[in-house]
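Novice: Combine both chains into one complex, guided by the hints.
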Amino acid sequence: MSTAAAAVEAKNVSKIFGAGVGEVRALDNVSVTIRQNEFFTLLGPSGCGKTTLLRLIAGFEMPTEGSILLEGEEVAHLPPFKRPVNTVFQNYALFPHMSVAENIGFGLEMLGKPKTEVQQTVDAMLRLVRMEELKHRKTSQISGGQQQRVALARALAPRPKVLLLDEPLSALDYKLRKDMQLELKRMQHETGITFIFVTHDQEEALTMSDRIAVMSQGNILQIGSPDEIYERPADRFVADFIGETNFIEAEVIERIGEDGRIRLPSGVAVSHKLASNAGVGSRVTLAIRPERIDLVRADGETHLKGKVDNIVYFGTDTTFHVGLDSGQSVTVRVQNRRGHQEILQVGDVVGLTIAPEAMQILRD
Amino acid sequence: MAKATFSVRRQTGFATIALVCFVMLYAPILTLMIYSFNDGTSVAIWEGFSWRWYERAAANEQVQESALLSLKIASIAAVLATIFATMAALATTRTRPYRGLTAIFAAINTPLMVPEIVTAVALLIFFASIKVATGYTGIAYLVAAHTAFCIPFAYLPIRARLESMDATLEIAAADLYATPWRAFRRVTFPLLWPGIVAGLMLAFVISLDDVVITEFVKSAGQDTLPTYMLGQLRRIVTPEMNAISTVFLGISVMVVALFFFMTRKKN
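Chains as they are written, first to last, in numbering that gives the first Met the number 0: chain A, 0 to 363; chain B, 0 to 266.
Just chain B, same shape as in the assembly (with noise of 0.2 Å):
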């Protein structure tokens, strides 16, 4: 009944590129992670299947150390992030239009633009100025880092979700004697709730993943997984590496499926 209308699926060689798409795309990540199985030393040649690696990681020291403090950054950066970003969506799409709307806008999202070298040079030059004049050098350079770059990635889902949402159901909530406050709390948040974890967890993986301004604006110690990763590839590779990272991605998928199975939950 449906063979009038045009189906790119028809088209000759369709299944030929879309295989081809595929396996460029997991065939690397799969090797990597047969390869932290390895039980030898190589991360090409296989010598048989062994869980030593993940064991190795797993006692490794420089490896908790770092996976705790991308972690705990991941995890501040996103909430900042995030409330931050509801507040910007709000403030974006809630009001009536005012003069600059399109510069805010556009300022919001130009980081998502900007080389990400550029922004690590700037942070560095621009905390490095602040290290001298305060002496400070803990890690909330980093959550301020990592919480400016990760608001664009929040406010985008929170933004769609406000878009899509009704705006008559706040008026209404004010017709029925709701405060602006009130009607945010009962009406507002409760349907913005999908967007926000959406921004949520979209923020603490871009947090978790990043190397570049980490690499740039962390002080001496201050080791993130992946720039710690980054630090022992330039030396050795061992499978351990491999260990490692199939975490790290197994980590990902998990963060990236409970939000699947939330946002599906409520609709």
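If we strip away everything but chain A, and leave its shape as in the complex, we get (with noise of 0.2 Å):
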């Protein structure tokens, strides 16, 4: 990606909050480029400063080091109201003493723009959220849900060039969410404008963007489309953060270039490409997704082996926790299909097989 596709770019930002014994270091020299048009999703858990490199976006924290730029023009030290940018608090932040049609033309109007602009611009933008007969309404006499609307209204009215959500669907309920997050990656598609989106939800994070930087202390462990940080975690956090994992110990045992060879626990060996740092003796830690393992009959040809220790039935999907011999406990989940899940009870003991391009190397 050149320079000039890109929406923001953070360049080396460290941000540190307080001073001497009670210095905190909240982002610890972080870069990443933010593509035009993107739904990018920072995610990690509370703390790990996702949303400190937000506000440092919107201008409302300066970054200790490092640099900060929107369209390719730095903008680290400009204060929030002189920048593009609009942001979509986390409780709204709705100015209770105006109406609906206030809140949402309040950007237009800071910006000067002629009373019949900002009038058409206000009634498309209700329009765009679905909410033209809430136009006179005080904030505080619509549901949380309208309430999330006209924030979205009214930081998009003024046409940023960056839109910034801080965890705005953390406030509603399980159905309004999903629905929610339809409407936003519509209100995306039809904007065409940059959304930046902060959550602690790796599944909100994987259905709506289309790149996700997954981030603790601190630190961006991984940038990636939503099924490359699924189906390929860089490290062990990423991996565990993202969805359900099983985490295997083996050893490498050969290695002719990238290509090797690495011995499960069960003493199976399987073919594998290798990291350059990993030699022959070296231990490496395999990831791999509960679904993509399969149970068959022991005394087949197996990776694993082991006991059924406990069944659970979801519905969709039954999952299986498997007792290995070395003692270690695997999570396999099966997808319910007639009559395939009756065959199996606790106890018994079966056979596990897990295709190579599932065993995920993790990084050290």
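These are computed hints drawn from the structure, not numbers from a lab.
Model, not experiment: these values are computed from the prediction.
On the chain B side, residues computed to face chain A include the following (Cβ under 7 Å): (1) L168; (2) D174; (3) P189.
Note that CB positions come from ideal geometry on N, CA and C, so glycine has one too.
Specialist: Below you can see the structure in the form of structure tokens.
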């Protein structure tokens, strides 16, 4: 990607709060490029720095080090009211003394747009978020979901170059959240504005994003499309944070160039591509998704062997907890097709097979 | 349905204690009000109903002058104190915590705890030296003194309002291209308004009511209504004092009631 197509670039950004013993490094030398018209998600547990990065882009905080570029222009030291960036706040932060229409028109009014233009844009925004009939209501007289839409309309009305969304769906109930996820995608598509979305909900991130940055302790661990992040997690944290994962230790027993063989805890050896630093005799960790493991008869050809400890029925699928001989427990998820799950019972000895591409060797 | 929970209303003697408290609070005031309508010259022996003391108080030039001065000082002092208090409240709640913030907060509020007589003596001595140096003896001293002791009273409701206000609203305004001044005018100020009005009214009532500091600071001929009344009471007590007090009480109650309805309508 060339610089011209970048909506936002953070270059070597660090942010330190406090000083001395109370010093907190919220961001530690973070660099990321967010492309134009992209739905980009910052994903991580609370305290990982995702909201700090968002606030730095919005201008609510100044970076301790590094630079932030908006369409190629340095903005790190501009106050928020001079940045063509708008935010949807977690608690919406609607102005309680103004009507829905006044809230939506506020940004345009501050930009000094003529009254007629403000009116037209407000009406267009009300249509976009399907709130036309509530135009003159006070914001305290509408529901949480409606407030959410007004907050979105207010942030989109000035047509910002980038829209920042700080966990905007976390206050909504499950059904409404699902609907809003689709709505947000639709609006991003219709407006063509770059969305930067902050969430701690991995499912939300996977379903909505074009690309995801997984963050932990002030660092970005991996940036990639949802399927890249899910199928090829870079390290143990990412694999563990996104979905469910089995971690299995293996030993490198042979290597020729990039190709090598690794030995699973069961003693079975399989061929696998290896990272450059993994020499013969070194130990590696494999990440394997529960749905990529197949249950087979124990007396056939298997990668691992174990005893069924527990069976949990989930409707669409069934989860088996299988205790290996090494004492480790492996989670296996099997889609429920007729007749499948009835064969196995707790205590049965089963074999597990795993496709080689489903074994992801993690970075140390 | 609420029977299982504790309720102070069902404790023995609750009604009696409450009644005694209310009687002790309001019986003297009620007596004062009743005797303001006494036809006789005594404040203790009832001799029939009359408006005469109200008429007499209204016709009394000294009452008129001192009442006017009271209103003048209270209005100016309340407005000034509210402006300072608003700025102080913004500076102590809408900034990042800084070194000395607690000290400043304490400095704003200690006047509430310093004995008034100490402040009064201090101001008397302080202003005396200025009077000698400049020769000025106008009401500015009283206005300055009243403004000073009204600030903490005005500060409290304004600060309380600011603290209960969502600070994200101001950030949202800045995010939507409002400069700090416009964000204040369009968002902070309208939302802070009930607190400012409360502070203003409280400062006004406190200033109107003050005796001790005014008595020490005033120059000759600068009687406010309370100091005039104090002066009169030293000589002869007639129901005229009751009449003035009753009107005074009426004004205070009106100010408080006005404030109550104004803020209730806002919310």
